[in-house]
Amino acid sequence: MSGKPYRIPSSRSQGAFGRLIDRDAALSFTFDDKTYTGFKGDTLASALLANGVRLFGRSFKYHRPRGVIAAGPEEPNALVSVGSGATHEPNNRITDVELYDGLVATSQNRWPSLAFDVSAINNTFSRLIPSGFYYKTFMWPAKLWPHYEHIIRHAAGLGTAPQEEDEAVYEQVHVNCDVLIAGGGIAGLAAALAAAEVGARVIIADLSPRFGGAADCIDGKIDSAAPLAWAKKAVKKLAAMDNVYILPRTTVTGHYDHNWVLMCERLSDHISEADRLANRPRHRLWKVRAKKVIVATGAFERPLTFANNDRPGVMLASAARSYATRYGVTPGERAVIFTNNDDAYLTALTLQDAGVSVPKIIDVREDTKSALISRAEDAGIEIIHSSVISNVETSFGGTSIEGVQIATRTATGRLAQPFARIECDLVCMSGGWNPAVHLFAHVNGSVRFDDTLQTFRPDQTSEAIVAIGAANGHFDLSTTIDESFDKGYAAGKSATGKSRPKKAVPPKARQDERSPLEALWFAPAKGSLNEGNKHFIDFQNDVTAADIELAAREGYRSVEHLKRYTTLGMATDQGKTSNISALGILADTLNTTIPAAGATRFRPPFTPFSLGSIAGTQAKHLFQPVRRTPIATWHHDNNCDMEPVGLWRRPFCYRHGTEDRQAAITREILATREKAGIIDLSSLGKIEVKGPDAGVFLDRIYSNVFSTLKPGRCRYGLMMNEDGFLFDDGVTVRLAEDHFLMHTTSGNADRIVGWLEEWHQTEWPDLKLFITPVTENYTQFAVAGPHSRDILQKLESTIDFSREAFTPLDYKSGELCGVPVRIYRISFSGELSYEISVPANYGLAMWQALMVAGKEFGLTAYGTEPLHVMRAEKGFIAIGDETDGTVTPLDLDLGWAVSKKKVDYIGKRSLQRSFLKGDERKEMVGLLTDDPKEVLPDGCYAVEQLLDKPPMKMIGHVSSSYYSPTLNRSIAFGLIKNGRARMGDTLQFPLEDKVVSAKVVSPVFYDSEGERQNA
Amino acid sequence: MLLIKCPICDCEGDETDFHYGGEGHIQRPTSSNPDKVGDEAQRDYLYVRKNPRGLHSERWLCERGCGKWFHALRDTATMVISKTYLITDKPPAELKKAGKK
Amino acid sequence: MQKYSIFTLARNAANYHKGWGLAWRSPEPKSEYDIVIIGAGGHGLATAYYLAKRHNLTNVAVVEKGWLGGGNTGRNTTIIRSNYLQDESAAIYELSRSLYEGLAQELNYNVMFSPRGLFMLCMTEHELRGFKRHAHANRLSGIESRMVSAEEVKRKIPILNVSPTARYPLLGALYQPRGGTARHDAVAWGYARGADNLGVDILQNCAVTGITRRGGKVTGIDTVKGHIKAKKVAIVTAGSTTLLGDMAGLKLPIESVTLQACVSEPIKPVLDVVIMAGTVHGYMSQSDKGELVIGGGADEYNNYSQRGSFPAIEHTITSLAELFPIIRRLKMLRQWAGIVDMTGDRSPIIGKTDVDGLYLNCGWGTGGFKSIPGSGLVFADTIANDRPHPIAEPFGLNRFAEGRLIDESIAAGVAH
Amino acid sequence: MPDLDRNLALSHRHQEMENQALGIEMSERDDVGMIDLRGKADDKAFMKNAATVLGVELPTDPRTSIKKGGIDILWLSIDQWLITTPLKSHDKTLSALTKKLTKNHALVCDMSDARSIIRLSGDRVREVLIKGCSFDATQPDFKPGTVRRLLFAEVAALAHFVDSNPDVIDLYVFRSYANYVWEWLLQTAHEDAGVGLFQVQDAPVV
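Residue numbers (the working numbering), protein chains in the order written: chain A, 1 to 1015; chain B, 1 to 101; chain C, 1 to 416; chain D, 1 to 206.
Since the hints were made in silico from the structure, they are not lab data.
All C-beta atoms in this analysis are idealised placements derived from N, C-alpha and C, irrespective of residue type, glycine included.
It is possible that part of the hints are untrue.
What the hints assert, rightly or not - Here are the simulated DSS-like pairs of lysine-lysine, each with C-alpha atoms no more than 30 angstroms apart in a straight line:
hint: 1; chain 1: C; residue 1: Lys289; chain 2: A; residue 2: Lys136
hint: 2; chain 1: D; residue 1: Lys40; chain 2: A; residue 2: Lys710
hint: 3; chain 1: A; residue 1: Lys768; chain 2: B; residue 2: Lys97
hint: 4; chain 1: D; residue 1: Lys143; chain 2: D; residue 2: Lys103
Said to hold, decoys possible - Example chain B residues on the side facing chain D (calculated, C-beta under 10 angstroms, incomplete):
hint: 5; residue: Cys6
hint: 6; residue: Ile8
hint: 7; residue: Asp10
hint: 8; residue: Glu12
hint: 9; residue: Thr16
hint: 10; residue: Tyr20
hint: 11; residue: Tyr45
hint: 12; residue: Arg59
hint: 13; residue: Gly65
hint: 14; residue: Gly67
hint: 15; residue: Lys83
hint: 16; residue: Tyr85
hint: 17; residue: Pro91
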């Protein structure tokens, strides 16, 4: 690391260099704990380069020292962690990180330090670890693999995950627009102008903080102004239009079916941490539905493949130009240009203008003529034609360049003798340009190979998406402008539906003509391939030309095999700089053409974006809704253990004082059985079905009959799916002749509304009825226990609660405490019980009124767990416990609720299938353990025959199991093969540490005559 | 992310505003002939699906619009939705044509 | 076959790896084979390998429309486990898992089976009860699988959010110590190399256009490279099963949907086990390369596009960011999808068909990768002996007419 | 009038608005009753009887509403409307409708307690809405009177565009979800979280 100043003085060339930085605003930042100074407007890359830093990271596999080769999102090498503690974020490209005061950056994938990395020894052993070496080794002895793997895992990976929880908020927005333009360069701006003038709603997004793209780094004129001046005017015009939304720092990450586009906007990453607002989202994920999408994402320059082309100081020609022009940084003092096309000549001229010595341009092509080449010659730069860089000489450790060797380009073969050596500390390479076709290709856009460009460009698509400018393979300014105005206009016109809107007149652009490029996929070197040299293709994943040849030699020849075998293109840069070069090498190796070798597929995202933005607002307390019953505040105030049930939180039990859960459950059960209990059942599904055919409809929905139910009465019903399996149960009330109210389980409430609607609309549309869910309108409580009647009778009511007037399974409506209520005499606990349905807004007050009235009778709130114990004591099934999607009503001995008379109902036919009526069914029985204190574990299995060790043949499992405080012993239900035929038998349940035996009995353990609930 | 338009209420929205209901036009044998449905007919009704690569008739629910079910013709390879129609409508001609291919 | 080992690697290094030969040949199709397997994914290649290795049947071709291993074998999240509830499922997945244990040695190809342990998180009481049942059933089947406490889970997975105020506080987990992952491509490549070496012809870029039959018996296949006669034909083409079935007039209880997955950028190790979370829907492991491999759900609708949609991914990542809050500042690197077969009961179909000589192995849904070795073994046995292998028998097509479903989804439905 | 207190879904949060730095105003409406009305739009007798009671024809254009006196009638489907009534006259309207439609194929449900109505007002209401739903509420075709069912913050909801300049939108959510939606709004409507879509903006750096 030298201390030389690499910042071009502001005086040079009338201030032509460093136009994006504010030289009066110095910013302080650290990289690997060392403090540096940069300027406002710098990227982390430009600021570090200006400070003479050349080494930014270590490669993935060989841990080779790496510099920066690009100036944009294609950068494969220079990844660092930014931030610390809760703001630590790994794997940021320094080329995309905007500098802010106090920025903390840390290098990655090195130990103990970037300059001295122990794992760099991998480079020495690199011959032993070619592509796919791990498939061939580490197999013996098998038990050592976990140890090998441990070492591999710790060697791999890039940055570290944050240790602390991210405090930032993220959010998402959904918008529609007529025309979405990805990329704010000249093409994007031109298309935006054309579309906006037509009146289209236009969104134009660019991933960088600025617009204009390459306008400041190219030659030519637009309407006799410099391209940059035109771009500035265009942006100003767009910003003043209220039908245009301009989004900087916003990456269009993916294009999905039907022109749905995802964009990630970074709102605060460029602001110093102290100035970030806590409630301002860090990232905002945009979900855009666009009528037309225009891809104006430009092109990425290709590196050239030569020996040691990965050394810090080797850089893309356009990147070097960009650093000088935009940030006033010269990445070196003496630069050699290596190119196969004209564009790099601009870099040579720019660097020379910036004060960098440019002794030579090495041009792959034979003596070529063009205006640009002449300009370089006129500037006194020597051009060596038909030549290549055959190797790069470095200082010890490979961290900086000292010179390059030049050899004649040979038509075939891999070997070359260098004929010259040039001293330099910077190599600027250009292998041509690859259109950024990613977005175009995400859905099903195809690409075709262009022989002139030697790369793929957009071809066909079924989506309303077009590519323009460099993304479409046009590198001439005038063609780009014309095409962009045409396609922008066409997109705006078709999206707005205007028949003949006026078209903005495109400006006239001109640019010097270029001479054609000549493909070069491999620069020959002294020695061949892996023999001491490495020709890198995929820099981040350390894939070399030799690796590609090896893969081809071994038969991994399809592009997908090649990628997977060598890991080519699988790194965080997704092969932006490497894919086409790799195809070139593969095609050469297989002696075929690139299109015949294949094309890679592009998948979202364009560049990696935060998982936080994908979660968006749904994080922490907003992760998922918590559904609250109207009694929620009371539960909270009374130390209730809440249990998640679907999205609801339901009371599990209430702990008094130092009680544990079991003690609370016991207390609540005994209070309910002996005195009175109250439970919040608000989450139970409630659905009204009304119409002349409501009864017929319910007969088809339920397995038992509802059309015969009398108004004012309740009936328990079972629902099967079409497979014949039980999936819900509940009590249905006939409110009036043509009007029913169904109850469902909490978890199925929404599903069943949909189920009913679907059957009505799609299968029986002729039935006259309406289905309306009313779950949310009512709070529902069960008041249960011997004193429940006394409590209700204490309250002011229009309803007669007397034993004679209000009999089991009756329904009555009226007023309670002046509030309209519906009351059903139904019981899941087995006690005398009333379920009271109250308009939700009065629910809490009603609950409190009942509590006050019930105080003298010992009224106790109970939760779902005590309810479950009580229902089990009574032999009642619970959906989800006794059912698991494979259980029929007959298995549960509920044949009485499965109609034989009804012609058709859901599930009836399926129940007759051989396996469902076969003799091997698991049937529900009661189980009493030999030791009454022993509670069978939930889900344990009984075996046919007890053996010393598994496997043992299982004959069924425990579906519900509790300690019953009422009976002072354990009880359980089992689903046991031919269970009802085994009544009185003792079954063996082998557990991990012991065997529990239990007797098969009737599942009704308590009050089998129903005297209590009928009291 | 599919963009779907309900033929009943014209509500247009993302696929997440709708609910998919599987292949359309599946006849429930017991609705027409409750007494005589063989095991194979019941199996076909419950499980066997055309599952074409190409034009597919399917049911969707307009969940965030009118709450009604409707049919759509969608290409399962390109995702292009070429037609939507009422749940009570018969299969359109192009579906039969595609099936024969 | 060139043996792979540290010694041959070192020897070849001396020669700059110029001595390595083809891992598999690319032969021209013969006019006739005893057995043609359609589909060179993991299942098809494993079937061919075991036909050759265990049944000495080597006049076998595996035909593939694209490149071998290019379907779901190369698109899954590589999880291997066998802690299934139903006896039938547990049997085949455990056979498969146990074969994975020695697969690298058997194939002389390191498939990197990594039995690093797999946790299925329980986040509601309902789920806890369900998984307890799994653990009991697994234990009595002889599968190593047990319940562990929330504390033990936290010890193994320090980055897991176990806050009691979390939306769904962790209650415990079903733990399979020797569940884990393997390198998916290597499984396909290893079987391909193994089968090829035993004489099996792998015919890539050879799309099948027809299945020919005479008198209710299969006679061969038509391909883009011409007709190939065969005494037996096996369809093993997950994602395209019904398209092949149509060629043979089979009515199948299968729908094709896209299953979504994504990976994060690589980071240093933070997760050494596999986690699956049913309540919030998501699963995740960390690859040896450092990427967090995230499995999403399936899109609802029939889909042959092999593209990722976004809602399923979004749902999964939202959930995983709740479970692992530190991942919010990590980035999604890549998303993709595979086309999976969904059967009427979400369990596979293995066995004979009504067409004589035509066999079917499909419908693995989301369980395809983990079942490759076991599936290949029992399917090869079924084809060789023309009767279902005992472990394959419950998975016959006939079960759908009988109602003898093998349903692994502990039914939705929650207590009162 | 009942003897018991009335507690709305968000009663426990009414006090907390003062210290919130929000870019919009929001409150829970506490003066409305709601009736869910089912009947077929092509059933002339039903439509006529409903109109007689309400004093106005039920709207039949999708996603529209009609205002008459203090009553808003919101189109929900081709056979469903949500009628909001001033709380004072709610019982009267409910019983009149019920009575008048007895002989029709119709369902009249009092749903006054099923939903919470969160009133959002201010110039930035629409940009808050698009942070939680899958459609673009900033589009100009959402004029006052428009009704749109939506999934807001993963919750089934209904947006009624009540007024513009400044915008007033009533967001109807089912009662049990109201607290969650409220929390969601507190975060996404924060004054620091503005979006500022489609308006004249400062030109970004070039």
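To see whether the hints hold, each was checked on the structure:
Our distance criterion of 30 angstroms between C-alpha atoms is met by C/Lys289 and A/Lys136, whose separation comes to about 17 angstroms. Proposed proximity of D/Lys40 and A/Lys710 is supported: the alpha carbons are some 27 angstroms apart, at most 30 angstroms. Of the supplied pair hints, the one linking A/Lys768 and B/Lys97 is violated, its CA atoms being roughly 35 angstroms apart against a limit of 30 angstroms. Pair hint D/Lys143 plus D/Lys103 does not hold up; C-alpha atoms about 36 angstroms apart against a cutoff of 30 angstroms.
For B/Cys6, the interface hint holds, since its Cβ comes within 10 angstroms of a Cβ in chain D; the closest pair sits about 9 angstroms apart. Interface hint status for B/Ile8: upheld, as the beta-carbon distance to the closest one in chain D is roughly 6 angstroms, under 10 angstroms. Satisfaction of the interface hint for B/Asp10 is found here, the shortest Cβ-Cβ separation to chain D being roughly 6 angstroms, below the 10 angstroms cut-off. For the restraint placing B/Glu12 at the interface with chain D, the shortest Cβ-Cβ distance is roughly 8 angstroms, inside the 10 angstroms limit, so the hint holds.
Given the 10 angstroms rule on beta carbons, the hint for B/Thr16 holds: about 5 angstroms separates it from the nearest Cβ of chain D. The restraint placing B/Tyr20 at the interface with chain D is violated, with a minimum CB-CB distance near 15 angstroms, outside the 10 angstroms limit. Below 10 angstroms, beta-carbon pairs count as interface contacts, and B/Tyr45 has none with chain D, the closest being about 29 angstroms; its hint is therefore violated. With its C-beta approaching chain D no nearer than about 17 angstroms, B/Arg59 sits outside the 10 angstroms limit, and its interface hint is violated.
Given hint, B/Gly65 at the interface with chain D, holds; its Cβ is 6 angstroms from that chain's nearest Cβ, closer than 10 angstroms. Interface restraint check for B/Gly67: the shortest CB-CB distance to chain D comes to about 5 angstroms, inside 10 angstroms, so the restraint holds. Residue-level restraint check for B/Lys83 is violated (minimum Cβ-Cβ distance to chain D is 20 angstroms; threshold 10 angstroms). At about 16 angstroms, the closest approach between the beta carbon of B/Tyr85 and any beta carbon in chain D exceeds 10 angstroms, and the interface hint on this residue is violated.
The criterion of a C-beta within 10 angstroms of any C-beta in chain D is not met by B/Pro91, whose closest approach is roughly 23 angstroms, and the hint is violated.
Hint compliance for this structure: hints 3, 4, 10, 11, 12, 15, 16, 17 are not met, and every other hint is.
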